Amino acid sequence: MKIEAFIKLIEDNVDGIAPGSLQSDTVLTSIPQWDSLAVLTMLAQFDAEYGVQVSGTEMQRCSTVSDLFSTVSSKVTKPS
Amino acid sequence: MASARVASVALRGVAACVPRTVARTADYAGLSLDERLKFAKTTGIEERRCSLPGQCASDYCEAAAKRLIAELGWNKADIRLLVCVTQSPDYPVPATAVLLQQRIGLGTHCAAFDIGMGCSGYVYGLLVASSLLGVMGGGKALLVVGDTSTRSANQRDRTTAPLFGDAGTATALEFNPSAPEMVFDLNSDGRGWEAIVMRHGGFREPLTADSLVDREVAPGAWRAPRDLELNGIEVFNFGLREAPRTVEALLTAVPGVGDLPDFFFFHQANMLMNEMIRKKLKIPAEKCPYSLRSFGNTSCASIPMTMVTASAEALRAGPRSLVLCGFGVGLSWASSYVRTEGLVCPELVEL
Numbered sequence: 001m002k003i004e005a006f007i008k009l010i011e012d013n014v015d016g017i018a019p020g021s022l023q024s025d026t027v028l029t030s031i032p033q034w035d036s037l038a039v040l041t042m043l044a045q046f047d048a049e050y051g052v053q054v055s056g057t058e059m060q061r062c063s064t065v066s067d068l069f070s071t072v073s074s075k076v077t078k079p080s
Numbered sequence: 001m002a003s004a005r006v007a008s009v010a011l012r013g014v015a016a017c018v019p020r021t022v023a024r025t026a027d028y029a030g031l032s033l034d035e036r037l038k039f040a041k042t043t044g045i046e047e048r049r050c051s052l053p054g055q056c057a058s059d060y061c062e063a064a065a066k067r068l069i070a071e072l073g074w075n076k077a078d079i080r081l082l083v084c085v086t087q088s089p090d091y092p093v094p095a096t097a098v099l100l101q102q103r104i105g106l107g108t109h110c111a112a113f114d115i116g117m118g119c120s121g122y123v124y125g126l127l128v129a130s131s132l133l134g135v136m137g138g139g140k141a142l143l144v145v146g147d148t149s150t151r152s153a154n155q156r157d158r159t160t161a162p163l164f165g166d167a168g169t170a171t172a173l174e175f176n177p178s179a180p181e182m183v184f185d186l187n188s189d190g191r192g193w194e195a196i197v198m199r200h201g202g203f204r205e206p207l208t209a210d211s212l213v214d215r216e217v218a219p220g221a222w223r224a225p226r227d228l229e230l231n232g233i234e235v236f237n238f239g240l241r242e243a244p245r246t247v248e249a250l251l252t253a254v255p256g257v258g259d260l261p262d263f264f265f266f267h268q269a270n271m272l273m274n275e276m277i278r279k280k281l282k283i284p285a286e287k288c289p290y291s292l293r294s295f296g297n298t299s300c301a302s303i304p305m306t307m308v309t310a311s312a313e314a315l316r317a318g319p320r321s322l323v324l325c326g327f328g329v330g331l332s333w334a335s336s337y338v339r340t341e342g343l344v345c346p347e348l349v350e351l
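Chains as they are written, first to last, in the working numbering: chain S, 1 to 80; chain V, 1 to 351.
Hints listed in this document are in silico derivations from the structure and should not be mistaken for laboratory results.
Because the structure is a prediction, the values reported are computed rather than measured.
Every residue gets a Cβ at the ideal spot worked out from N, C-alpha and C, and that includes glycine.
Mixed in with the good hints there might be a few duds.
[Stated by the list, open to error] Cut-off 30 Å, straight-line C-alpha distance, at most; resulting in silico cross-link-like pairs (DSSO-like, lysine-lysine):
id, chain 1, residue 1, chain 2, residue 2
1, V, Lys66, S, Lys8
2, V, Lys41, V, Lys280
3, S, Lys8, V, Lys76
4, V, Lys38, V, Lys287
5, S, Lys75, V, Lys279
[Said to hold, decoys possible] Among chain S residues calculated to face chain V with C-beta under 7 Å, some are:
id, residue
6, Leu22
7, Ala44
8, Gly51
9, Val52
[Unchecked claim] Residues of chain S clear of chain V, computed beta-carbon distances all greater than 12 Å:
id, residue
10, Ile3
11, Ala5
12, Asp12
13, Val27
14, Gln33
15, Ser55
16, Thr57
17, Ser63
18, Thr64
19, Ser66
20, Asp67
21, Ser73
22, Ser74
23, Val76
Whenever a hint applies, use it, and build me the whole structure from the sequences.
The structure is reproduced here in structure tokens:
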């Protein structure tokens with residue numbers, strides 16, 4: 001799993017985020033489009049693309065794009 | 001997973017009733033104009049029906065049941081069983097089904113009781129009513145299923161209110177030894193009880209003055225402890241995980257299902273979640289009808305609502321094989337495989 005592809009997945013699926021505007025250290029809550037619908041949209045994408053589920057508590061612990069990437073990728077490599 | 005089979009009972013008809021009052025997502029004051037567009041696009045919900053003060057779920061169930069009985073030409077004296085699935089009873093006591101026994105005009109020889117279930121409740125109710133009718137060994141049964149979730153959710157709670165609409169439905173079951181077997185798969189997980197909850201108003205947390213005081217629980221979202229509370233992320237993950245599993249388990253239990261069933265009627269949660277479930281199960285879009293757009297999430301009524309508002313013509317036309325799948329509050333989830341033969345399916349009733 002590469003972080004570049006992960007960032008592209010977010011940019012492609014959350015309406016209104018310009019391609020190339022996200023960095024790994026972007027704080028999720030600083031993204032104007034990162035609302036509850038965006039979160040659900042990405043949960044659906046993580047499930048479809050990587051076959052993983054991220055809980056609400058895990059989501060809350062993620063501050064940056066990179067944190068979210070680590071959470072998702074740790075589940076891909078260690079399936080529960 | 002609990003599985004069950006019911007023989008000798010036919011699903012004969014389904015009817016539904018909604019309040020006339022339409023609430024449009026485009027007019028919902030709790031969301032900005034931009035948010036309203038995004039909400040409609042993601043959830044697929046453009047309109048929903050809201051009950052007026054004084055209207056109860058049982059009023060819609062009653063109207064649907066009367067319409068269905070008339071359309072079937074049933075003699076009310078043959079109806080031996082009335083099961084009501086609701087989480088919006090007229091009164092905490094007595095059971096709404098017993099009130100409806102009288103209001104629909106059924107005889108006192110009719111057994112009547114409630115089941116307090118939500119989004120999985122239609123499938124649970126179908127198993128309870130059909131298996132009980134099978135044990136009775138003759139006659140007819142009514143399953144009425146409905147909720148007024150717009151009165152459970154706080155209309156100032158932007159995270160919950162715009163999802164829900166009100167509806168009541170009626171389903172007709174008939175004892176018939178040559179009816180094809182119904183197959184069921186049922187599940188529950190109380191660890192998720194807080195994912196969808198009304199905290200105050202039962203006996204664990206009785207109603208006090210404080211139960212009715214609104215708090216800002218998230219930016220711009222207000223609700224009181226007696227209001228419906230929904231943990232969107234947990235419910236979303238749950239539905240995506242369990243709905244495909246129960247349908248897969250169900251279809252494994254149906255001998256010779258061969259070609260896919262004609263229709264899959266899922267609980268109408270929201271378009272994003274339902275479409276994910278559909279794609280996971282590789283169900284063609286045309287086999288998976290929706291009522292979300294015009295009626296929103298109608299709780300336990302969503303499956304019969306979709307049958308009536310999206311597929312009535314096809315269901316009336318001839319033999320059909322159906323998969324019904326409900327999932328939600330509890331947490332609870334269930335699915336059923338049912339075959340119908342020219343289902344009696346009157347037009348949607350409005351009250």
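Results for each hint:
Restraint check: the Cα-Cα separation between Lys66/V and Lys8/S comes to about 55 Å, which exceeds 30 Å; the hinted pair is violated. For a cut-off of 30 Å, the pair hint linking Lys41/V to Lys280/V stands: about 21 Å separates their Cα positions. Distance hint between Lys8/S and Lys76/V is unfulfilled; the C-alpha atoms sit about 62 Å from each other, more than 30 Å. Between the alpha carbons of Lys38/V and Lys287/V the distance comes to roughly 26 Å, so the proposed pair stays at or under 30 Å and holds.
Straight-line distance between C-alpha atoms of Lys75/S and Lys279/V comes to about 22 Å, which keeps the hinted pair within the 30 Å bound. Here the hint on Leu22/S is broken, as its CB sits about 19 Å from the closest CB of chain V, past 7 Å. Checking Ala44/S against chain V by beta carbon gives a least distance of about 5 Å; that is within 7 Å, so the hint holds. Checking Gly51/S against chain V: minimum C-beta separation of about 10 Å lies over 7 Å; hint violated.
Using the Cβ-Cβ criterion of 7 Å, the hint placing Val52/S at the interface with chain V is not satisfied: the shortest such distance is roughly 10 Å. Residue placement check: Ile3/S keeps its beta carbon more than 12 Å from all beta carbons of chain V (closest about 23 Å). Distance to chain V confirms Ala5/S as a non-interface residue, since its nearest Cβ pair spans about 20 Å, more than 12 Å. Under the 12 Å C-beta cut-off, the non-interface status given to Asp12/S relative to chain V holds; the minimum distance is some 15 Å.
Every C-beta of chain V lies more than 12 Å from that of Val27/S, the closest at about 17 Å, which supports listing it as non-interface. Distance to chain V contradicts Gln33/S as a non-interface residue, since its nearest Cβ pair spans about 9 Å, not more than 12 Å. The claim that Ser55/S lies off the interface is violated: its Cβ sits roughly 7 Å from the closest Cβ of chain V, which falls inside the 12 Å cut-off. At roughly 9 Å, the least C-beta separation between Thr57/S and chain V is not larger than 12 Å, which violates its mark as non-interface.
The Cβ of Ser63/S lies farther than 12 Å from every Cβ of chain V, with a closest approach of about 17 Å, so its non-interface assignment holds. For Thr64/S, the condition that its CB be more than 12 Å from all CB atoms of chain V holds, with the nearest at approximately 19 Å. For Ser66/S, the condition that its CB be more than 12 Å from all CB atoms of chain V holds, with the nearest at approximately 20 Å. The non-interface label for Asp67/S is consistent with chain V: the shortest C-beta to C-beta separation is roughly 16 Å, beyond 12 Å.
Distance check on Ser73/S: its Cβ is at least 18 Å (rounded) from any Cβ of chain V, clearing the 12 Å threshold; non-interface status holds. Every CB of chain V lies more than 12 Å from the CB of Ser74/S, the least distance being 17 Å, so the non-interface label holds. Every CB of chain V is more than 12 Å from the CB of Val76/S (nearest about 16 Å), matching its label as outside the interface.
Hints 1, 3, 6, 8, 9, 14, 15 and 16 from the earlier list are contradicted by this structure; the remaining hints agree with it.
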